[in-house]
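S.K.: In case you want the letters, here they are:
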Amino acid sequence: MKIRVLSLIIIISLIFVFIIFYKSLNESSYYKPISKIQDIPKFYANSFYSKKEINSIKIFDEDKYYLFNIWASWCLPCRDEHPILVKLSKNNQLKLIGLNYKDNLINAQKFLNELGDPYEIILIDKDGTKAIEWGAFGVPETFLIYKNKVVKKFIGPLDQNLLLEIEKTIK
Amino acid sequence: MKIFKIILFSLVFFYFSPLIANEIELQNKITKNLRCLVCQGQSVYDSDSEFALSLKLLVKNKIEQGFSDEQIYNFLTDKYGEWILYDPKLNKNTYLLWFLPILILLFGGAIVLKKFNKH
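These protein sequence lines are chains E and L, in that order. Okay, so the first sequence: first residue is 1 according to my numbering, each after it adds one. Okay, so the second sequence: first residue is 1 according to my numbering, each after it adds one.
Here chain L stands alone, though its shape is the one from the complex (with noise of 0.2 angstroms):
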């Protein structure tokens, strides 16, 4: 009997194991994603603060109510703006911020090519 119930606990928990390790990781990638709004320089997921500690736990809420990342993310925004996302969406506020980068490197390219073409 005592056999059984250990193979009976075995399974299940071998069953529901990878599942629950799933929903830790994309807790941990969504909160690690948050700016904690009440500390300096903090993310969601590093902070202890009650701020943060309530949001972990609304997030992991979330994940087993079937939530995917991206609708928590929504959620979210709608409650407390843009500012909470680490990783900015592209709207016109943030086009700058994205091209930027991608135009400097386009420059760059265009002054070593005309460089190489001289040579």
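Just chain E, same shape as in the assembly (with noise of 0.2 angstroms):
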């Protein structure tokens, strides 16, 4: 009887072991994020170019999609994928914000005068909380946004792939 019941109790814990480690095998260990934020956030910025600044709200209020890229000019995968934000911006039925992360400002406005200035408006983030009320990590994160929701969230540089993904979303 004792026998039997210790040697239940070490199966059963052996098939507990088993499923454990069989489901977390099967997920994948790298950091899936899972952000909530489907409403844009709300909050103040400098912009780039006036120093003035704006209200969030009345950056997104038009009936268009809006493209909303986090760069700086010290990333480098930025750099990759500004000829595709420089591709989007000719684009009439989008319009590109730009939010310019932890950056230096003579550098940010090197490298726009460098490879083109795809954005509309550019807004400051000194200190990098702007991005956080976004739930971003860092650059260069995009979100594609429309009516004030955002339709689709871009983890790293945009390639040719996503460019032709978000233009059959605007379509």
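Incorrect hints may have been included.
What the hints assert, rightly or not - Under 7 angstroms between C-beta atoms, here's a sample of chain L residues computed to sit facing chain E: (1) C39; (2) F51; (3) I84.
Stated by the list, open to error - Pairs of lysine-lysine residues, derived as DSSO-like cross-links and limited to a Cα-Cα distance of at most 30 angstroms, are as follows: (4) K126(E) with K115(L); (5) K42(E) with K126(E); (6) K79(L) with K152(E); (7) K149(E) with K60(L); (8) K62(L) with K126(E); (9) K23(E) with K79(L); (10) K2(E) with K115(L); (11) K58(E) with K56(L); (12) K58(E) with K60(L); (13) K102(E) with K60(L); (14) K153(E) with K60(L); (15) K79(L) with K149(E); (16) K23(E) with K153(E); (17) K153(E) with K79(L); (18) K62(L) with K51(E).
Since the hints were derived computationally from the structure, they do not count as laboratory data. Positions of the beta carbon are idealized from the N, C-alpha and C atoms, including for glycine.
Take the two lone chains, each set in its own frame, and fit them into one complex as the hints suggest.
M.R.: As structure tokens, this is what we get:
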């Protein structure tokens, strides 16, 4: 009787351990962010050119798609994705808004002079707190926005495939 | 006049310093419970990555604006999900995590009790 109970316990715990290992082996060990934000955050930020404070509500109020891009001149992947942003800025269905993340403004200006300025408005995030309002981890990160809602979120640089995906979505 | 200034300064300083100390304590307590999402196995408090630095600043700002720790945790889980907290809340995904130790303890207790009764 005693041995039977003992073996039952061992078998049950083995099955339990097996299930847990099996489940976690199938899961990717990379962290996939699950952001619940659907509505875009409300915040105030200074404009890159005029240095005036802008209310975020006033930026996204048109009946258009917006592409909100977090970038910095010191970030190399941003340099890679910049030609894609310039291409997207020629689409009149789409307005590009930039958020300059923890950057030196002189370097940022040089970056734009060199590679072109695709943004309608650029906001400044000197200390990185505005990017946190967006649930971002770093640069580059891009949000496709329609009617004050985040339609899609892209972590990392945009590439040719994502360019096609964005163009397909806004058609 | 100088003495008056010193007295005034020390009065102001000693009046506010416990307040500031409390805020720093609360900030440390909160940031120790936040996972630095871009680092490996570090809390926001321990990390000096760009992300962690911004997050520390944000927590400090929120405390100064009068947010409670509960409100700050809610704000951050809205943005980043439950994963950012080291101390997970009780919900359907975590109930096993919370109750398994208790169950094991009860089970062990039952075995011990049974043995005692036999003797």
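S.K.: Flag every earlier hint the structure violates by its number, smallest first.
M.R.: 1, 3 and 4
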